[in-house]
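*Asks:* Protein chains in written order, with numbering that gives the first Met the number 0: chain A, 0 to 69; chain B, 0 to 361.
If you're looking for bench data, these hints aren't it; they were derived computationally from the structure. Be aware that one or more of the hints could be misleading.
As the list claims (entries may be wrong) - Residues of chain B placed beyond 10 Å of chain A at every Cβ, according to the derived structure:
| no. | residue |
| --- | --- |
| 1 | Lys22 |
| 2 | Gly27 |
| 3 | Phe68 |
| 4 | Leu143 |
| 5 | Thr146 |
| 6 | Phe165 |
| 7 | Met191 |
| 8 | Val241 |
| 9 | Pro254 |
| 10 | Gly260 |
| 11 | Ser317 |
| 12 | Gly318 |
| 13 | Gln326 |
| 14 | Phe333 |
| 15 | Tyr341 |
| 16 | Ile344 |
What the hints assert, rightly or not - Here are the simulated SDA-like cross-link-like pairs (lysine to any residue), alpha carbons at most 20 Å apart as the crow flies:
| no. | chain 1 | residue 1 | chain 2 | residue 2 |
| --- | --- | --- | --- | --- |
| 17 | A | Lys48 | B | Lys221 |
| 18 | B | Lys22 | B | Gln245 |
| 19 | B | Lys221 | A | Leu23 |
| 20 | A | Lys4 | B | Lys144 |
| 21 | B | Lys3 | B | Ile198 |
| 22 | A | Lys48 | B | Ile226 |
| 23 | B | Lys148 | A | Gly9 |
| 24 | B | Lys144 | B | Lys22 |
| 25 | B | Lys221 | A | Arg45 |
| 26 | B | Lys221 | A | Glu41 |
| 27 | B | Lys148 | A | Leu33 |
| 28 | B | Lys247 | B | Leu237 |
Stated by the list, open to error - Just a sample of chain B residues kept apart from chain A, beta carbon distances all over 12 Å, derived:
| no. | residue |
| --- | --- |
| 29 | Lys4 |
| 30 | Ile7 |
| 31 | Val12 |
| 32 | Phe23 |
| 33 | Phe88 |
| 34 | Tyr131 |
| 35 | Val162 |
| 36 | Leu167 |
| 37 | Ser178 |
| 38 | Gly181 |
| 39 | Leu190 |
| 40 | Val194 |
This structure is a prediction, so every number in the text was calculated from the model and none was measured. Glycine residues also receive a C-beta, built at the ideal position from the N, C-alpha and C atoms.
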Amino acid sequence: MKLCKVDARGRSCPEPVLMTKKALQNNPEGLEVLVDNLTAKENVTRFAKNSGYQVEVSENGSDYILNIRK
Amino acid sequence: MDGKKGIIFTGAVVGIIAVLLVKFGNPGNMGFCIACFIRDIAGALGLHSAGVVQYVRPEIIGLVLGAFFMSVAGKEFSAKGGSAPFTRFVLGFIVMVGALMFLGCPLRMILRIAGGDLNAIVGLIGFAVGIYIGIIFLNKGFSLKRTYKLPEFEGYLFPGIIVVLFVLLLAVPSILIFSQEGPGAARAPLLMSLVAGLIVGALAQRTRLCTVGGIRDLILFKDWHLISGFIAILATALIGNVLFGQFKLGFTGQPIAHTDGLWNFLGMALAGFGSVLLGGCPLRQLILASEGNIDSVITVMGLTFGAAFAHNFKLASSGNGPTPNGQIAVILGFIVVLAIAYFNIEKSENVELKDGVEIETM
Chain A
0 MKLCKVDARG
10 RSCPEPVLMT
20 KKALQNNPEG
30 LEVLVDNLTA
40 KENVTRFAKN
50 SGYQVEVSEN
60 GSDYILNIRK
Chain B
0 MDGKKGIIFT
10 GAVVGIIAVL
20 LVKFGNPGNM
30 GFCIACFIRD
40 IAGALGLHSA
50 GVVQYVRPEI
60 IGLVLGAFFM
70 SVAGKEFSAK
80 GGSAPFTRFV
90 LGFIVMVGAL
100 MFLGCPLRMI
110 LRIAGGDLNA
120 IVGLIGFAVG
130 IYIGIIFLNK
140 GFSLKRTYKL
150 PEFEGYLFPG
160 IIVVLFVLLL
170 AVPSILIFSQ
180 EGPGAARAPL
190 LMSLVAGLIV
200 GALAQRTRLC
210 TVGGIRDLIL
220 FKDWHLISGF
230 IAILATALIG
240 NVLFGQFKLG
250 FTGQPIAHTD
260 GLWNFLGMAL
270 AGFGSVLLGG
280 CPLRQLILAS
290 EGNIDSVITV
300 MGLTFGAAFA
310 HNFKLASSGN
320 GPTPNGQIAV
330 ILGFIVVLAI
340 AYFNIEKSEN
350 VELKDGVEIE
360 TM
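Bound conformation, chain A alone:
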């Protein structure tokens, strides 16, 4: 199984969400998004939940890994 990873670290609003949106179109089953600030974490999480996905968040140092699944 292939896992798509999106690295949205350092990207300013609304790019992390746009990157997630585009990547989800190609990988509708889900993917992993890496962000480095709370705003992006909240925005991507809100977008994914609004789009009918579940989000699991884990922290890796100062980064957040968002695991987005159906």
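On the provided structure of chain A, position chain B as indicated by the hints.
*Replies:* Chain B only, in chain A's frame:
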């Protein structure tokens, strides 16, 4: 307090405080105006010499320090930068030129609508059109690229300089230039303005309140989150203005406004377009600057520089309407922002995939 309730609460507080600031002395429909207040500060520092718009607005000092303390408390303060800084400076400059054509930042635009100023509705339509144009470029892959971590000290400099400005205001106001008449002389009491800024700065930091983001997210993601803050500001300020007798419906005779529809539209369209590319409205830029985002500090410098230029070269409108210089500047502004938008589109989907997305086998 997080989530939807938080953003609506913040919007409501901003609306109420804005109405109170006008009640206690701020210019009409100008409880808050990030563009106008930065312009006033530029004047107080002698960067321009328009005698009627010079004052160190304590609201700005409060906004910065409120956001700074909240970001430190929430462990969000982080020094970072490097995402096309000079492009951001230029965009900040142009957003200010657009805002001063209209006579207000997007936040004041909402407050003007809440005061019954119908010219601001024309501005809002322009603002939404500008945001829409920006979104077209976002969807085509516009990006100012990523930021990187910077030394922590770098992040403390901007709030530090604001503290110095505050000390000057309290200790040696005589070295600053204050308007004796006009909007710059219309001020709510210093302490009240400061506290108003502190409250709004802290709340806006926590909830990411952003006027541009509201309309952008609604169009782009059908997400009502940020715009619910926008609507809350409008609703509470409207009610407050009616209660305090500050509501006056119409196009003419509005405080610090002109009735030239075309240029109200174009001014806000330019401000909206530029702000989308920046990732947030002037208020949001100021808040981000306070939590260590050096790119936003540079944007605020661009706004300040733009404000000084706008008054030194007669680009800013007045109650009498726009100036020919201002009209030329707005048109040039559109050309520059379009060029920035076009030349920062990441070449193709494939390049973006390589850059931002990596496929891994598990």
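*Asks:* For every hint, state whether the structure bears it out.
*Replies:* Against the structure, the hints:
no.	hint	result
1	Lys22	33 Å, holds
2	Gly27	32 Å, holds
3	Phe68	16 Å, holds
4	Leu143	7 Å, violated
5	Thr146	4 Å, violated
6	Phe165	27 Å, holds
7	Met191	30 Å, holds
8	Val241	34 Å, holds
9	Pro254	32 Å, holds
10	Gly260	30 Å, holds
11	Ser317	34 Å, holds
12	Gly318	35 Å, holds
13	Gln326	31 Å, holds
14	Phe333	22 Å, holds
15	Tyr341	17 Å, holds
16	Ile344	13 Å, holds
17	A/Lys48 to B/Lys221	13 Å, holds
18	B/Lys22 to B/Gln245	8 Å, holds
19	B/Lys221 to A/Leu23	16 Å, holds
20	A/Lys4 to B/Lys144	18 Å, holds
21	B/Lys3 to B/Ile198	18 Å, holds
22	A/Lys48 to B/Ile226	18 Å, holds
23	B/Lys148 to A/Gly9	9 Å, holds
24	B/Lys144 to B/Lys22	43 Å, violated
25	B/Lys221 to A/Arg45	11 Å, holds
26	B/Lys221 to A/Glu41	16 Å, holds
27	B/Lys148 to A/Leu33	16 Å, holds
28	B/Lys247 to B/Leu237	10 Å, holds
29	Lys4	14 Å, holds
30	Ile7	15 Å, holds
31	Val12	20 Å, holds
32	Phe23	33 Å, holds
33	Phe88	15 Å, holds
34	Tyr131	14 Å, holds
35	Val162	25 Å, holds
36	Leu167	32 Å, holds
37	Ser178	35 Å, holds
38	Gly181	36 Å, holds
39	Leu190	31 Å, holds
40	Val194	26 Å, holds
Hint check: violations occur at hints 4, 5 and 24; the rest are consistent with the structure.
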